[in-house]
Amino acid sequence: MKLLQTIPLRPCTASWLVLLGLTTITFELGSNAPSQVLMAAVLALTLVKGQLVVSYFMGLRRVRPVWRLVMAAYLAAVGGLIAIAYLTA
Amino acid sequence: MKYQSQKVAKPYFIAALALFVGQIVFGLIAGLQYLHGTFLFPELPFDVTRMSHTNLLIVWLLMTFMGAAYFIVPEEAQTELYSPRLALVTFWVFLIAAALTIVAYLFVDYAHLAAITGNAILPTMGRGYLEQPLPTKIGIVLVALSLLFNVTMTLIKGRKTSINLILVGSLWGLALLFLPAFYFPHDTVKASYAWWWVVHGWVEGDWELILGALLGFILIKMTGVDREIVEKWLYIIVAMTLISGLIGIGHHYYYTGAPSYWIWLGSIFSALEPIPFILLIAFSFKMLLQRRREHPNKAAMLWALGTPIMAFLGAGLWGFMITLAPAQYYMHGTNFTAAHGHLAFFGAYAMISLAIISYAMPLLRGRTANSAAAQRWEIAGFWIMVLSMLGIALALTGAGIVTVILQRAADDPMPFMQVQDKARVFFWVREFAGVGFFIGLLVYLRSFFIAGEYEYASEMKQALAA
Amino acid sequence: MHTEASVDSAQPLPGDFAIWIFIFAELVVFGVLFGAYAFARSTHVELFNASQLTLNRAYGFANTLILVTSSYFVARATQSIKAGRGTACGNWLAAALGLGGMFLVLKLVEFHQDFAQGISLSTNLFYMFYLALTFFHFMHVVMGMAILAVVTYKAYAGRYSAANHTGVETGGSYWHMVDLVWIILFALVYVIH
Numbered sequence: 001m002k003l004l005q006t007i008p009l010r011p012c013t014a015s016w017l018v019l020l021g022l023t024t025i026t027f028e029l030g031s032n033a034p035s036q037v038l039m040a041a042v043l044a045l046t047l048v049k050g051q052l053v054v055s056y057f058m059g060l061r062r063v064r065p066v067w068r069l070v071m072a073a074y075l076a077a078v079g080g081l082i083a084i085a086y087l088t089a
Numbered sequence: 001m002k003y004q005s006q007k008v009a010k011p012y013f014i015a016a017l018a019l020f021v022g023q024i025v026f027g028l029i030a031g032l033q034y035l036h037g038t039f040l041f042p043e044l045p046f047d048v049t050r051m052s053h054t055n056l057l058i059v060w061l062l063m064t065f066m067g068a069a070y071f072i073v074p075e076e077a078q079t080e081l082y083s084p085r086l087a088l089v090t091f092w093v094f095l096i097a098a099a100l101t102i103v104a105y106l107f108v109d110y111a112h113l114a115a116i117t118g119n120a121i122l123p124t125m126g127r128g129y130l131e132q133p134l135p136t137k138i139g140i141v142l143v144a145l146s147l148l149f150n151v152t153m154t155l156i157k158g159r160k161t162s163i164n165l166i167l168v169g170s171l172w173g174l175a176l177l178f179l180p181a182f183y184f185p186h187d188t189v190k191a192s193y194a195w196w197w198v199v200h201g202w203v204e205g206d207w208e209l210i211l212g213a214l215l216g217f218i219l220i221k222m223t224g225v226d227r228e229i230v231e232k233w234l235y236i237i238v239a240m241t242l243i244s245g246l247i248g249i250g251h252h253y254y255y256t257g258a259p260s261y262w263i264w265l266g267s268i269f270s271a272l273e274p275i276p277f278i279l280l281i282a283f284s285f286k287m288l289l290q291r292r293r294e295h296p297n298k299a300a301m302l303w304a305l306g307t308p309i310m311a312f313l314g315a316g317l318w319g320f321m322i323t324l325a326p327a328q329y330y331m332h333g334t335n336f337t338a339a340h341g342h343l344a345f346f347g348a349y350a351m352i353s354l355a356i357i358s359y360a361m362p363l364l365r366g367r368t369a370n371s372a373a374a375q376r377w378e379i380a381g382f383w384i385m386v387l388s389m390l391g392i393a394l395a396l397t398g399a400g401i402v403t404v405i406l407q408r409a410a411d412d413p414m415p416f417m418q419v420q421d422k423a424r425v426f427f428w429v430r431e432f433a434g435v436g437f438f439i440g441l442l443v444y445l446r447s448f449f450i451a452g453e454y455e456y457a458s459e460m461k462q463a464l465a466a
Numbered sequence: 001m002h003t004e005a006s007v008d009s010a011q012p013l014p015g016d017f018a019i020w021i022f023i024f025a026e027l028v029v030f031g032v033l034f035g036a037y038a039f040a041r042s043t044h045v046e047l048f049n050a051s052q053l054t055l056n057r058a059y060g061f062a063n064t065l066i067l068v069t070s071s072y073f074v075a076r077a078t079q080s081i082k083a084g085r086g087t088a089c090g091n092w093l094a095a096a097l098g099l100g101g102m103f104l105v106l107k108l109v110e111f112h113q114d115f116a117q118g119i120s121l122s123t124n125l126f127y128m129f130y131l132a133l134t135f136f137h138f139m140h141v142v143m144g145m146a147i148l149a150v151v152t153y154k155a156y157a158g159r160y161s162a163a164n165h166t167g168v169e170t171g172g173s174y175w176h177m178v179d180l181v182w183i184i185l186f187a188l189v190y191v192i193h
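Just so you know, the protein sequences line up as chains A, B and C, in that order.
For the first sequence, my numbering gives the first residue as 1, with consecutive numbering after it.
For the second sequence, my numbering gives the first residue as 1, with consecutive numbering after it.
For the third sequence, my numbering gives the first residue as 1, with consecutive numbering after it.
Take these hints with a grain of salt, some might be off.
Claimed, not checked - Below, simulated DSBU-like cross-link-like pairs (lysine-lysine); rule was C-alpha separation at most 35 Å, straight line: (1) 232/B - 157/B; (2) 232/B - 10/B; (3) 221/B - 286/B; (4) 232/B - 107/C; (5) 190/B - 107/C; (6) 160/B - 154/C; (7) 232/B - 298/B; (8) 286/B - 298/B; (9) 82/C - 286/B; (10) 154/C - 157/B; (11) 298/B - 2/B; (12) 160/B - 298/B; (13) 232/B - 221/B; (14) 286/B - 7/B; (15) 221/B - 461/B; (16) 232/B - 154/C; (17) 221/B - 107/C; (18) 2/B - 190/B; (19) 7/B - 190/B; (20) 160/B - 82/C; (21) 154/C - 107/C; (22) 10/B - 422/B; (23) 232/B - 82/C; (24) 10/B - 190/B; (25) 7/B - 157/B; (26) 2/B - 232/B; (27) 157/B - 298/B; (28) 286/B - 154/C; (29) 232/B - 461/B; (30) 82/C - 154/C.
Said to hold, decoys possible - For each label pair, taking beta carbons as the anchor points, the in silico distance ranges come out as: (31) 394/B - 11/C: 18 to 28 Å; (32) 20/A - 410/B: 50 to 60 Å; (33) 43/C - 115/B: 48 to 58 Å; (34) 278/B - 20/A: 35 to 45 Å.
To be verified - With the Cβ distance kept under 8 Å, some of the chain B side facing chain C (calculated, not the full set): (35) 232; (36) 261; (37) 321.
It should be emphasised that the hints constitute simulated quantities derived from the structure, not laboratory data.
Quantities reported herein were computed from a predicted structural model and do not represent experimental measurements.
From the three backbone atoms N, C-alpha and C, an ideal C-beta is built for every residue, glycine too.
Produce the complete structure using the sequences and hints provided.
Encoded structure:
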């Protein structure tokens, strides 16, 4: 995420462009055959996208650490829950 | 109390408490009939006792809600009630109709009662909580219309606060949600849909909004916290109630002939139904911490803070315990349901009723708060009733566990009556706890007969001396 | 970095704190729904994989781009009002609302095609979750748009300023939440298999 700050764009604009790119990759990955690698890749991309929205759209990168922790924990929990369910299937 | 017309709330509250006493008496008899099946038979069979117990509950809660509406709406709207006379007439109509219905339950055979009250023309009788004969049901609709007309007219001519909008809106919901009670088709699936639209629609939807509005009103008055803050919380609680409760109705559709997707939707969304109760707890304690004044009516504050906690336990926790489809598969119709029903009805609706009565009655009797002595009795009554009800719920939970283990989940299930015998000790505990509850109720009622007002000066002197 | 961040990171949550209570409660609700989907799938993997292939992923893709962009516009609206540009704020919000409307139209077209194929809640467990989750989210988009519409109106009416922009942040935060859960929902229901 630090990388974003070096680009001469507003951080939220850069995030937006990255989000569009990651969404496209996610979409393209969808045509692959089912596998755990695919699941892990898409899930990881999704969590990164979620964190971008939280940090740069919601603007939580500027708030007290406790709130950033709450949101990061939420994303980790949902991602972890999904991963466990898919790995134990 | 700022407006003369708020006084019409008083007879509603007094009648509610009288009916409450009646409800508990029937509860004690029903509890004894669990232990001695022939007790008072054939004069008072168990089904009639049970029906009287639950119907009196509904009536006294409705009585309090109406009284609360007549008390709160004018104060919030900052104007006199549209027609105090209509409110008083409505009170007597409702009380007499309720009393006649109970008397009819007791002295007329239910099938005969159905025959003479026109159940053949429009069948409505027989479903739990909705056992009332047709004339009573029509009476309930007329009483509700009269209330709605009165409070809506008051709201229109006065100030429109969020508390008032939520309260009057949910009273409209209460009336509209009663209408499916008139739909009782032969198709048992459709009949149970209509039944739950009323019962679930009330206790897991609309009444929660009434609870929120009453609690919000009491907390604004007692803590002096900004109305704006209270209203924001209320809107969130209303939204979460509807988000979880609307689809949560699916937990009544399991295995009834309804489509099987309700097993999933009902399980997921009803599992979320504790959320609004958690928010209610957070809300009321946050208001307590932010309070700007020390209201002398400590007893009312205790009821107001006890309500969300007990409602969370009864409706949230005990409700969650039985709500997931795989759990319900084994627990359906056991005493788990009775435990949940007792703790939820008491914790949520009886307690919010007693909270608004505790806040409003001293004002209706011309004082800010009752004397310290009267409040001590009331607070003692609070604790005895709350602890006794927890005892009842735990005993019934025990009985439920016995049934599930010996009869439902067993490889070699025991016959029903044998299981009832095994659970006998829990029925005894429940009956003792019930007697405790009745004592608590009497202690609580005693507080109304201690004269005098809260005396700041003498209380202060005592506090300093100690 | 250290000095600047420590000053910066002392801020409270943007907007009214009450909306955050609501956002957290909503996130819990969606979290439970996502978990339920994932664990229901784990007992019906073949069924879920086969049924998921029948969805038109392009709809989900397009709707994700739309909602992400809409969310970005709202972020720009917040920045505009912080710089005191009320009309620009209103324009960004109106554009975000327009995209929200596009999302709804596209989702309705998709629902229409599903129903035309005879798909319903009873078809199978996958479609039950697909329809329930996307419809539940659909209702949140409707609610988010209602909130944004009020904020947009107030922005054009000049009710916000550089000093007073809590309302924009409050409505915006809710809209970002609607975007956030859709990003997870898209991946979960349309893509991951």
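The hints, checked one at a time:
no., hint, verdict
1, 232/B - 157/B, "holds (24 Å)"
2, 232/B - 10/B, "holds (30 Å)"
3, 221/B - 286/B, "holds (15 Å)"
4, 232/B - 107/C, "holds (31 Å)"
5, 190/B - 107/C, "holds (32 Å)"
6, 160/B - 154/C, "holds (21 Å)"
7, 232/B - 298/B, "holds (25 Å)"
8, 286/B - 298/B, "holds (17 Å)"
9, 82/C - 286/B, "holds (31 Å)"
10, 154/C - 157/B, "holds (28 Å)"
11, 298/B - 2/B, "holds (21 Å)"
12, 160/B - 298/B, "holds (29 Å)"
13, 232/B - 221/B, "holds (16 Å)"
14, 286/B - 7/B, "holds (31 Å)"
15, 221/B - 461/B, "holds (26 Å)"
16, 232/B - 154/C, "holds (19 Å)"
17, 221/B - 107/C, "violated (46 Å)"
18, 2/B - 190/B, "violated (48 Å)"
19, 7/B - 190/B, "violated (43 Å)"
20, 160/B - 82/C, "holds (33 Å)"
21, 154/C - 107/C, "holds (28 Å)"
22, 10/B - 422/B, "violated (46 Å)"
23, 232/B - 82/C, "holds (24 Å)"
24, 10/B - 190/B, "violated (40 Å)"
25, 7/B - 157/B, "holds (19 Å)"
26, 2/B - 232/B, "holds (25 Å)"
27, 157/B - 298/B, "holds (34 Å)"
28, 286/B - 154/C, "holds (30 Å)"
29, 232/B - 461/B, "violated (40 Å)"
30, 82/C - 154/C, "holds (15 Å)"
31, 394/B - 11/C: 18 to 28 Å, "violated (47 Å)"
32, 20/A - 410/B: 50 to 60 Å, "holds (59 Å)"
33, 43/C - 115/B: 48 to 58 Å, "holds (52 Å)"
34, 278/B - 20/A: 35 to 45 Å, "holds (38 Å)"
35, 232, "holds (4 Å)"
36, 261, "holds (4 Å)"
37, 321, "violated (17 Å)"
Hint compliance for this structure: hints 17, 18, 19, 22, 24, 29, 31, 37 are not met, and every other hint is.
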